[in-house]
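So the sequences go chain by chain: A and U.
So for the first sequence, my numbering puts the first residue at 5; every next one is plus one.
So for the second sequence, my numbering puts the first residue at 5; every next one is plus one.
The hints are simulated quantities; they were obtained by calculation from the structure and are not laboratory data.
There could be a bad hint or two in this list.
The list treats identical chains as one, so a pair stands whether inside a single copy or across any two.
To be verified - List time: in silico DSBU-like cross-link candidates among lysine-lysine, alpha-carbon distance up to 30 Å:
| no. | residue 1 | residue 2 |
| --- | --- | --- |
| 1 | Lys22 | Lys243 |
| 2 | Lys130 | Lys236 |
| 3 | Lys280 | Lys78 |
| 4 | Lys130 | Lys22 |
| 5 | Lys158 | Lys236 |
| 6 | Lys22 | Lys280 |
| 7 | Lys207 | Lys243 |
| 8 | Lys130 | Lys78 |
| 9 | Lys7 | Lys130 |
| 10 | Lys158 | Lys234 |
| 11 | Lys236 | Lys78 |
| 12 | Lys280 | Lys130 |
| 13 | Lys280 | Lys234 |
| 14 | Lys7 | Lys280 |
| 15 | Lys207 | Lys130 |
| 16 | Lys207 | Lys78 |
| 17 | Lys234 | Lys130 |
| 18 | Lys22 | Lys236 |
What you are looking at is a predicted structure, and each value in this text was computed from that prediction instead of being measured.
Listed below are the residues making up each chain.
2 protein chains.
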Amino acid sequence: MLKVPEHQVAGRQAIDGKLGPLIDNSGHFYKPLQDDDERGTGELTFYHSFSSNTRIPHHIRRFFPVFYGTQLLKASDGSGLRPHLVLQDITSDHLNPSILDIKIGSRTWYLEASNDYIQNCFHRDKTTTTVSLGFRICGLQIYNESGFWKPERKLVRSFTADDVRSVLRMFVSSNVGPEPDFCFADSVYGGCDGILERLMELKTWFEDQTMYHFCSCSVLLLFDKESFLKGKTPFAEVKLIDFAHVVDGNGVIDHNLLGGLCSFIKFVSQVLADSKGSTMED
Amino acid sequence: MLKVPEHQVAGRQAIDGKLGPLIDNSGHFYKPLQDDDERGTGELTFYHSFSSNTRIPHHIRRFFPVFYGTQLLKASDGSGLRPHLVLQDITSDHLNPSILDIKIGSRTWYLEASNDYIQNCFHRDKTTTTVSLGFRICGLQIYNESGFWKPERKLVRSFTADDVRSVLRMFVSSNVGPEPDFCFADSVYGGCDGILERLMELKTWFEDQTMYHFCSCSVLLLFDKESFLKGKTPFAEVKLIDFAHVVDGNGVIDHNLLGGLCSFIKFVSQVLADSKGSTMED
Numbered sequence: 005m006l007k008v009p010e011h012q013v014a015g016r017q018a019i020d021g022k023l024g025p026l027i028d029n030s031g032h033f034y035k036p037l038q039d040d041d042e043r044g045t046g047e048l049t050f051y052h053s054f055s056s057n058t059r060i061p062h063h064i065r066r067f068f069p070v071f072y073g074t075q076l077l078k079a080s081d082g083s084g085l086r087p088h089l090v091l092q093d094i095t096s097d098h099l100n101p102s103i104l105d106i107k108i109g110s111r112t113w114y115l116e117a118s119n120d121y122i123q124n125c126f127h128r129d130k131t132t133t134t135v136s137l138g139f140r141i142c143g144l145q146i147y148n149e150s151g152f153w154k155p156e157r158k159l160v161r162s163f164t165a166d167d168v169r170s171v172l173r174m175f176v177s178s179n180v181g182p183e184p185d186f187c188f189a190d191s192v193y194g195g196c197d198g199i200l201e202r203l204m205e206l207k208t209w210f211e212d213q214t215m216y217h218f219c220s221c222s223v224l225l226l227f228d229k230e231s232f233l234k235g236k237t238p239f240a241e242v243k244l245i246d247f248a249h250v251v252d253g254n255g256v257i258d259h260n261l262l263g264g265l266c267s268f269i270k271f272v273s274q275v276l277a278d279s280k281g282s283t284m285e286d
Numbered sequence: 005m006l007k008v009p010e011h012q013v014a015g016r017q018a019i020d021g022k023l024g025p026l027i028d029n030s031g032h033f034y035k036p037l038q039d040d041d042e043r044g045t046g047e048l049t050f051y052h053s054f055s056s057n058t059r060i061p062h063h064i065r066r067f068f069p070v071f072y073g074t075q076l077l078k079a080s081d082g083s084g085l086r087p088h089l090v091l092q093d094i095t096s097d098h099l100n101p102s103i104l105d106i107k108i109g110s111r112t113w114y115l116e117a118s119n120d121y122i123q124n125c126f127h128r129d130k131t132t133t134t135v136s137l138g139f140r141i142c143g144l145q146i147y148n149e150s151g152f153w154k155p156e157r158k159l160v161r162s163f164t165a166d167d168v169r170s171v172l173r174m175f176v177s178s179n180v181g182p183e184p185d186f187c188f189a190d191s192v193y194g195g196c197d198g199i200l201e202r203l204m205e206l207k208t209w210f211e212d213q214t215m216y217h218f219c220s221c222s223v224l225l226l227f228d229k230e231s232f233l234k235g236k237t238p239f240a241e242v243k244l245i246d247f248a249h250v251v252d253g254n255g256v257i258d259h260n261l262l263g264g265l266c267s268f269i270k271f272v273s274q275v276l277a278d279s280k281g282s283t284m285e286d
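Isolated chain A, as found in the complex (with noise of 0.2 Å):
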């Protein structure tokens, strides 16, 4: 029983006879290899070398999507049967997950890539803040006491740097409107085991790292505000996704992705760091 997945944000989706990923009940995620552009290529290509590179540690390897390998199955948009990447669900374990995905570095084009390609890519990283913050939200829902919040994608792609501030602030609040109250900030963000502590265990790996360049991929951050209440782990976790555009590192760090989580977890470090001086005045 394949079905559109409820909780995507960003992407391709299985939707008015589109080719987009499905999952099952069981916690796997489908995602339809691509023929037009190689992307799917790319990403298959990617998760081949990374799941029998001995060079990644446990602890970073745990950032990443498993990998069951392919599968043959129906294509949503009805074209048939077709190879499709089968991946963990990220999302199975969650009843109502507030997902941002955050697509890190301030290029997305990469040199190897068609001159189009790059064309199109540096012109939305102008007109994003990819240029500007060194990362651009590419989607997001957050639940609360009204349900979702999931903004369409062309004011999702007007975002400016407030606007990522507002963002962060509502992921870890239990309210919505223009005064957060920060109710989860010290638990989601802050902490020995929260976001921040584990954007800055990949930040480690990507300063050394020198084999991959993650081009144009996320970071995705969950929170399961039910979950958390109910006191049950994890609330909250760290992926990174979307490896249609990984090349060779070349023995060179990835400095692209690298500066702009830097930048992302600065930002996470100032909402943290407001919410404390939120608090200490309440």
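Please arrange chain U on chain A, whose structure you already have, making use of the hints.
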């Protein structure tokens, strides 16, 4: 008594009737303010802001040339009196300094620049190591047994990642050729007072500071082999130079410079590690 700097390795030079910087015998470097493209104005604005900024830690201020104000001087191109920035001449205490000028960042343009400027930089960034490595060597001179090696600008622009590694090896060797002796690697790159430690200090600051974005600025490495052999200090220096394109950080870290700096640090670390490997084999 003003003269053309002997140890300038990059940038516009005051030769053949062109406009360029001058030095005197008392350690001052006079950089002409440009009137054609606001570059000079940009750099003066930065030095004014930076020198009165009380949030710059003392240990970070040391990385910047001392700023003594401006002075009207006869320009080197014979065009008459022109305002010049008066800066510290970093090379003045050294007889035969080896120098590397490394433009840091995988992007030398910035959103506020004109379209022509962006397109020019974009092209240069793709065709040098700027995009691939996150930095490019802009100029260099290396002093060794046979005098200075100071390659032409055209050759420097064609450098690959392997050329960069060779240059970093030569910089700390007493000989030339394909088998560098790494003679000074440990003292110059390593140790608690070495170049790597200085670069790490800068990195820590750039992970935090959100006041300035240093577009198209350079890290200058200087190493004076003769001072070292005679036991004089300092025999090696790390400076930041060229601030014509510094823009407001607007509360965001300089992720472009930081990423490039981390990549450069990894290159230097690898050369230091190679040098230890080579010594152990001996």
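Okay, the hints, checked on the actual structure:
1. Lys22 <-> Lys243: within (26 Å within a copy, 55 Å between copies)
2. Lys130 <-> Lys236: neither (41 Å within a copy, 49 Å between copies)
3. Lys280 <-> Lys78: neither (50 Å within a copy, 57 Å between copies)
4. Lys130 <-> Lys22: within (28 Å within a copy, 36 Å between copies)
5. Lys158 <-> Lys236: neither (35 Å within a copy, 62 Å between copies)
6. Lys22 <-> Lys280: For Lys22 and Lys280, the Cα distance exceeds 30 Å both inside one copy (45 Å) and across copies (57 Å).
7. Lys207 <-> Lys243: So Lys207 and Lys243 pass the 30 Å test inside a copy (13 Å) and across (26 Å) alike.
8. Lys130 <-> Lys78: neither (38 Å within a copy, 41 Å between copies)
9. Lys7 <-> Lys130: Neither: 36 Å inside a chain and 43 Å across chains, both beyond 30 Å.
10. Lys158 <-> Lys234: Neither: 35 Å inside a copy, 65 Å across copies.
11. Lys236 <-> Lys78: neither (36 Å within a copy, 74 Å between copies)
12. Lys280 <-> Lys130: For Lys280 and Lys130, the Cα distance exceeds 30 Å both inside one copy (33 Å) and across copies (43 Å).
13. Lys280 <-> Lys234: Cα proximity of Lys280 and Lys234: one copy only (24 Å, versus 54 Å across).
14. Lys7 <-> Lys280: The answer is neither: 42 Å in one copy and 57 Å across copies each exceed 30 Å.
15. Lys207 <-> Lys130: both (24 Å within a copy, 25 Å between copies)
16. Lys207 <-> Lys78: So Lys207 and Lys78 fail the 30 Å test inside a copy (39 Å) and across (50 Å) alike.
17. Lys234 <-> Lys130: Neither, since 43 Å and 52 Å both go past 30 Å.
18. Lys22 <-> Lys236: neither (36 Å within a copy, 71 Å between copies)
Checked against the numbered hints above, the structure breaks hints 2, 3, 5, 6, 8, 9, 10, 11, 12, 14, 16, 17, 18 and satisfies the rest.
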